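Engineer: Chains as they are written, first to last, in my numbering: chain Y, 1 to 277; chain W, 1001 to 1389; chain E, 2001 to 2310.
Fair warning: there could be bad hints in the mix.
Below 27 Å or equal to it, Euclidean Cα-Cα: the simulated DSSO-like pairs (lysine-lysine) are [unchecked claim]: (1) W:Lys1027 <-> W:Lys1189; (2) E:Lys2132 <-> Y:Lys61; (3) W:Lys1061 <-> W:Lys1015; (4) Y:Lys39 <-> E:Lys2132; (5) W:Lys1290 <-> W:Lys1309; (6) W:Lys1094 <-> W:Lys1119; (7) W:Lys1313 <-> W:Lys1290; (8) W:Lys1094 <-> E:Lys2215; (9) W:Lys1130 <-> W:Lys1094; (10) W:Lys1124 <-> E:Lys2215; (11) W:Lys1189 <-> W:Lys1076; (12) E:Lys2132 <-> Y:Lys38; (13) Y:Lys61 <-> Y:Lys39; (14) W:Lys1127 <-> W:Lys1094; (15) W:Lys1076 <-> E:Lys2215; (16) W:Lys1076 <-> W:Lys1124; (17) W:Lys1333 <-> W:Lys1311; (18) W:Lys1313 <-> W:Lys1339; (19) W:Lys1313 <-> W:Lys1333; (20) W:Lys1130 <-> W:Lys1119; (21) E:Lys2215 <-> W:Lys1118.
These are computed hints drawn from the structure, not numbers from a lab.
The model shown is predicted, which means the values in this text are computed figures rather than measured ones.
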Amino acid sequence: MKISKRIGPLGVHAILLTYTVIALFPILLVVMNSFKSKKGIFRDPLAFPDATTFDLVGFEKVIARSSFDVYFSNSISVTVISLLLVLMLGAMAAWALAEYDFPGSDLMALYLAIGIMIPIRLGTVSLLKMIVAMGLVNTLTALVLVYTAQGLPLAIFILREFMAQIPNDLKEAARCDGVSEYRIFWSIILPLVRPALATVAVFTMIPIWNDLWFPLILAPGEDTATVTLGIQQFIGQYVTDWNAVLASLTLAIVPILILYVIFSRQLIRGLTSGAVK
Amino acid sequence: MADITLSGINKSYGKVEVLHGIDIDIKHGEFVVFVGPSGCGKSTLLRLIAGLEPITDGVLKIAGNTVNDLTPSQRKIAMVFQSYALYPHMTVYKNMAFGLTLGNKGPLGGLFGGGENKKLIDEKVQKAAKSLQLEDYLDRYPRELSGGQRQRVAIGRAIVRDPNVFLFDEPLSNLDAALRVNTRLEIAKLHQDLDATIIYVTHDQIEAMTLADKIVVVNDGNVAQFGSPLELYHHPANKFVAGFIGSPSMNFLEGTVISVGNKNIEITLEHDGTTVHIPAHPDTTDIGDKVTVGVRPEHMQEGTDLSFKLKAKVNVVERLGDASYLYLDNGDKDPLCIKTDGHSITKPGDIVEFCSDFSAVHVFDATGNALSRTTTDSRYTAPQLNIKN
Amino acid sequence: MAIKTKPGSSFRTHILVFLLPAALIYTLFMILPLIDTVRFSFYSEESGGPTTFVGWDNYILILTDERWWTDFSNALKNNFIFFVVHMLIQNPIGLLLAALLSLPRLRLANSYRTLIFMPTMLSVVIIGFIWKLILSPLWGVGDTLVGFVGFTDGLPALLGEESTALITLSLISVWQFVGIPMMLIYAALLNVPDDLVDAAIVDGANQWTAFWRIKLPLILPTVAMVSVLTFVANFNAFDLIYAVKGALAGPDFHTDIMGTMFYRTFFGFQLQPGSATMGATVASLMFLVILCGVMIYLFVIQRRLHRYQL
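So here's chain Y without its partners, still in its complex pose (with noise of 0.2 Å):
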């Protein structure tokens, strides 16, 4: 059918193309100058690096001033542990809700639903002296369990919805054949899922990659800090020195854009499978 005359496939095109320029205009215009000697960047902030203004001081000074490999793997550990805490933890609750009927599942599910929309700083004051009073002020692991918490309300919210659609027949069978319940949630349940756990993660990681505030709150130290804090950290400190915070800046920004990149046809199809609806 044709895209109606009013607008024609031409204007369509013209405000998909302006807002994706507007979209990406800042990240490139950060990527290009950081590769540019200070004149460069000042001169021409617009230009692409060339024989004369290509410097990669910036990155020099960035590795040799902060400690962004720790930062990285900082991140990562928290990330990933986190993530896979709340896929595993959340899809067996989710599983539990789904497919057993017991008295209060209702209420259950209701509780831990609360949760999408109960932003969990609230209860930072309270969290700061739980921490402390575990003694994990400073450490990954305070990051790890605040960031499971935060993650499974929606996580299961949605792994149940995709679970609940999981025909019958299938549990059954295994049932008949004397399969044992973990069994089945392991073997059959979870692969039948991905879509949805792929959405989920999409979901988790991000919020969690990108959080400043809890690092900053409860784990500030240098060697705890992630990179968002330690990239907020390292810009504070060197505000003027423009080659070493656009450097900062494209080192953060890269590896995920590039994870976005590999990774963005499986976030589609999670978000368009109905896993939310």
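Model the placement of chains W and E on the given structure of chain Y, informed by the hints.
Structural biologist: Frame of chain Y, contents of chains W and E only:
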């Protein structure tokens, strides 16, 4: 009322051509059914006529005007979808009135009005609702209706627009068997009442045979044959149509030509090695060519009275009461089927001799085209029905 | 869905095994701290001294004391402005982009979608800094850009001016998060059967009309959900303001929102020492505001909206 002409219609998606050179001539008031197996292109063809897909090549004319570039409503067509496609958020009344409320003035396309005036719309909707016995349901929502009722609303929505052509896309496939027969009769009556041109798509050849004035058999993007139901039944133009129309389907026996005469062919059948002399024009067939012999189960009978004789072992007998179907061994090919008297005592394991009149025997050459028969018998010829044209 | 108990087994332990770990972590690290924070707001803490129960005193202080109330009402007001900007700009743009992307047979739709969603992937902190640089008068990129469209005077220091700082920050946040309503609405639009749009077109509608009168009414539940999520996220916001403007949310508290006020109250800043109990009070008030919004959504909006079986 409108004639519809398709000339050389091609449709491609990118490099893939799905419809090849379709030529069909539909006279106004005819009920034409597009029938064919899944994926043959019949629904695509319908959507092309509707205007929901662009035509890659060829000319489509409705009422004498070339409509290739017109929108569906500009072509004055209305369509009943397989899923009914009723707007869930509107009442039955609003569903039927929707098309009439759209104006062509204003930037929001009728969001705030435009279109015909309220009184006129009300008249039209009430009239259509009355003819479909929907008056009591006008305030209900689609989710509150049964399948049959929803279908009537879908038809009502089409009637209200007073189109030149009605398009039906497999309307009965979502109904259960009992409802299907009833609705089929209703649609046939609708055709008579409205005196409208109807194009109807289905994969069910029984619907095609019972409803159509003319049938278009579509196979793999081509028109396999275009004619009245009985023409297709008695004079299939190719093996595909022969096997598609009629249930149980026609028996096919492979064979090789061993001699050709002026008005007959001698064929050795693979079935049992016997040789038969069939009165048919050889056309371009030559000695050594492979051909297929076809006979319908209902044109065969037990015994040896008739001209075309065969023998085979019975594998399965299905007794339906007024008739029995014998399924006969045919080597590793599909079993042969004979329709015989309900009182027949033939049982599985028996060797039966059965026969048919040569006038009922079809021969298809290696490309599948039918060779013309040289004998006729009124029992096996399509009668001339007085259909308004 | 119900499972019959195996004959002889008294209790289905596997349910507990499946459910307990998640419920435990969730309760311990999310629900209990929340409840405890609210409880804590009813106490007062002398520095180094004992905590005493003071009932509603903290709340009364915030709501009536001139200094506290000025700060609090300012933060609340700013947060509402922040929210309104998102509702008026972010969600309509997200809706528009989703509508365009879901048009049938749109070429390059996948690429557009992937690229437009990119900023959402990045940390708010990073985004904040990027825009700070772009808008910085020192660099001049902003001046060059508006020079292209004819403003030869260049750009005022948007982030530095009292009158424009909050709106600018709101727009930066909008710029980053448009991807989320876009994706959610896009997914909802995909669920609308093509048949319905085809039927509308046969009835005489064009794509534009079909969108307004067929698609949009059917995805209203999703639009409502996006709105309430926006509300919650906006009243929970902190990172962007903190990264760009610091805890003091200048200039002169014009970019102060609930989150930054909470942080300041809890940890203290130049003008006053931090107070856990007052911080808890601010947090409880934030909780109340968010709760009100969610309640309105659950009991007023969601009830009215019908989720159609598609």
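Engineer: Given the hinted pair E:Lys2132 and Y:Lys38, is their alpha-carbon gap at most 27 Å?
Structural biologist: Within the cut-off at roughly 18 Å; holds.
Engineer: Within 27 Å, alpha carbon to alpha carbon, are E:Lys2132 and Y:Lys61?
Structural biologist: Distance of about 21 Å is within 27 Å: holds.
Engineer: Holds or violated: W:Lys1313 with W:Lys1290, Cα cutoff 27 Å?
Structural biologist: 25 Å, holds
Engineer: Does W:Lys1311 sit within 27 Å of W:Lys1333, going by the straight-line distance between their CA atoms?
Structural biologist: Cα-Cα ~16 Å, so holds.
Engineer: Is W:Lys1127 within 27 Å of W:Lys1094, Cα to Cα?
Structural biologist: Measuring from Cα to Cα gives roughly 14 Å; hence the hint holds.
Engineer: With the threshold set at 27 Å, check whether the alpha-carbon distance from W:Lys1189 to W:Lys1076 stays at or below it.
Structural biologist: It holds: about 22 Å lies between the C-alpha atoms, which stays within 27 Å.
Engineer: Is the Cα-Cα distance between W:Lys1124 and E:Lys2215 27 Å or less?
Structural biologist: Cα-Cα ~26 Å, so holds.
Engineer: Hey, W:Lys1094 versus W:Lys1119, does the alpha-carbon distance stay inside 27 Å?
Structural biologist: 14 Å, holds
Engineer: Hint check: W:Lys1076 vs E:Lys2215, CA-CA at most 27 Å. Holds or violated?
Structural biologist: Between W:Lys1076 and E:Lys2215 the Cα gap is close to 24 Å, so the pair holds against 27 Å.
Engineer: Given the hint that W:Lys1061 pairs with W:Lys1015, test it: the Cα-Cα distance must not exceed 27 Å.
Structural biologist: 25 Å, holds
Engineer: Is the hinted pair W:Lys1027 and W:Lys1189 satisfied, with a Cα-Cα distance of at most 27 Å?
Structural biologist: 19 Å, holds
Engineer: With a cut-off of 27 Å on the C-alpha distance, tell me whether W:Lys1130 and W:Lys1094 pass.
Structural biologist: 15 Å, holds
Against the hints set out earlier in the document, no violation occurs for any number.
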